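Enquirer: Could you put together the complete structure from these sequences and hints?
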Amino acid sequence: MPMVQIDLRRDVFEEKGTAISKAIHAGLMEGLDMPEDDLFQIFRPHDDGEIVFSPHFAGVDRRDLVLLRITMVHMFPVDTKSRMYSALATHLEAAGVRHEDVLICVVEVGFEDWYAGTPIRGEVA
Amino acid sequence: MPMVQIDLRRDVFEEKGTAISKAIHAGLMEGLDMPEDDLFQIFRPHDDGEIVFSPHFAGVDRRDLVLLRITMVHMFPVDTKSRMYSALATHLEAAGVRHEDVLICVVEVGFEDWYAGTPIRGEVA
Amino acid sequence: MPMVQIDLRRDVFEEKGTAISKAIHAGLMEGLDMPEDDLFQIFRPHDDGEIVFSPHFAGVDRRDLVLLRITMVHMFPVDTKSRMYSALATHLEAAGVRHEDVLICVVEVGFEDWYAGTPIRGEVA
Numbered sequence: 041m042p043m044v045q046i047d048l049r050r051d052v053f054e055e056k057g058t059a060i061s062k063a064i065h066a067g068l069m070e071g072l073d074m075p076e077d078d079l080f081q082i083f084r085p086h087d088d089g090e091i092v093f094s095p096h097f098a099g100v101d102r103r104d105l106v107l108l109r110i111t112m113v114h115m116f117p118v119d120t121k122s123r124m125y126s127a128l129a130t131h132l133e134a135a136g137v138r139h140e141d142v143l144i145c146v147v148e149v150g151f152e153d154w155y156a157g158t159p160i161r162g163e164v165a
Numbered sequence: 041m042p043m044v045q046i047d048l049r050r051d052v053f054e055e056k057g058t059a060i061s062k063a064i065h066a067g068l069m070e071g072l073d074m075p076e077d078d079l080f081q082i083f084r085p086h087d088d089g090e091i092v093f094s095p096h097f098a099g100v101d102r103r104d105l106v107l108l109r110i111t112m113v114h115m116f117p118v119d120t121k122s123r124m125y126s127a128l129a130t131h132l133e134a135a136g137v138r139h140e141d142v143l144i145c146v147v148e149v150g151f152e153d154w155y156a157g158t159p160i161r162g163e164v165a
Numbered sequence: 041m042p043m044v045q046i047d048l049r050r051d052v053f054e055e056k057g058t059a060i061s062k063a064i065h066a067g068l069m070e071g072l073d074m075p076e077d078d079l080f081q082i083f084r085p086h087d088d089g090e091i092v093f094s095p096h097f098a099g100v101d102r103r104d105l106v107l108l109r110i111t112m113v114h115m116f117p118v119d120t121k122s123r124m125y126s127a128l129a130t131h132l133e134a135a136g137v138r139h140e141d142v143l144i145c146v147v148e149v150g151f152e153d154w155y156a157g158t159p160i161r162g163e164v165a
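Chains as they are written, first to last, in my numbering: chain R, 41 to 165; chain B, 41 to 165; chain S, 41 to 165.
There is no bait here: all hints are sound.
It does not matter which identical chain is used: a pair holds within one copy or between any two.
Pairs of lysine to aspartate or glutamate residues, derived as EDC-like cross-links and limited to a Cα-Cα distance of at most 16 Å, are as follows:
1) K62 / E90
2) K56 / E90
3) K56 / D104
Hints are computed from structural coordinates only; laboratory data are not their basis. Predicted, not measured: the structure shown is a model, and the values here were computed from it.
Expert: Below you can see the structure in the form of structure tokens.
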């Protein structure tokens, strides 16, 4: 159950939001073997001045930052994460987002750190 | 010191924001024995297309996602978290949010990961 | 590569956003010895009712919350974090934000939890 928060410019969201959403979903399915119905994304369009970034940090030609923050269960080895980054960047590039502009950050949590609308009372710990 | 970020539809926020805020606070007090004056919530109302979710993942009939992201210190056992989820879902249901629509994610940090306005210089590490 | 998300009132952002951005950057450089070109900040201006907080939790006279959420690699000892908090609060105070109003939360991740626009295929795990 990865949950993805996406910070991006408002005009980029308006122009390419649907394509970006599909690209992220495709990237997670390809990179993590995530099932197709595991889809949770929150877009946060930003106005001028709200996204502040270094255009050249780590030797990358960055022009227009798109930040993906992925919260997911700690269960994937490093090479799977690496495969996920590649899949995400490739699909996002096809959706019109330069891979240099992509910044991804993974935050890992445990299985017990999620509640997803399951029955209220009588849950098994 | 749990800090809660809530992503929800703008019309839901406008209609039920105050009730949702109180429900979350009541749920944390009941579920974690949190003191009443420990209250930190950030609401993020969203417009159309910004919240993307699977309506049926995990066999739940999801219609209108309300995402709670709770950042809190790693100190609670799993059954306390489970009790917290139940308390939150129950209070949110009373505030007009179907429990099926609630998605909660806990991110745990350490005691040393907070600064809360205490004196600037001369802090003890 | 700390990445900072800042939640604050819209009028505070409009009036002092640039100064706050520079203060945060200066605080991280001073507190973590962060290189100058390591700059990633996302501002989230909020309208009335979206930021809910206790005015007196932990004995602090809080009037107008400014939340900094810093995602960074787990590599700094506790006293370095403490130095960072002091540096951030001092620089923010100079930018017109009372240190009592500052709430900082650090979320730590691993080196392998970042992708920053580097080559798409052929990454080394």
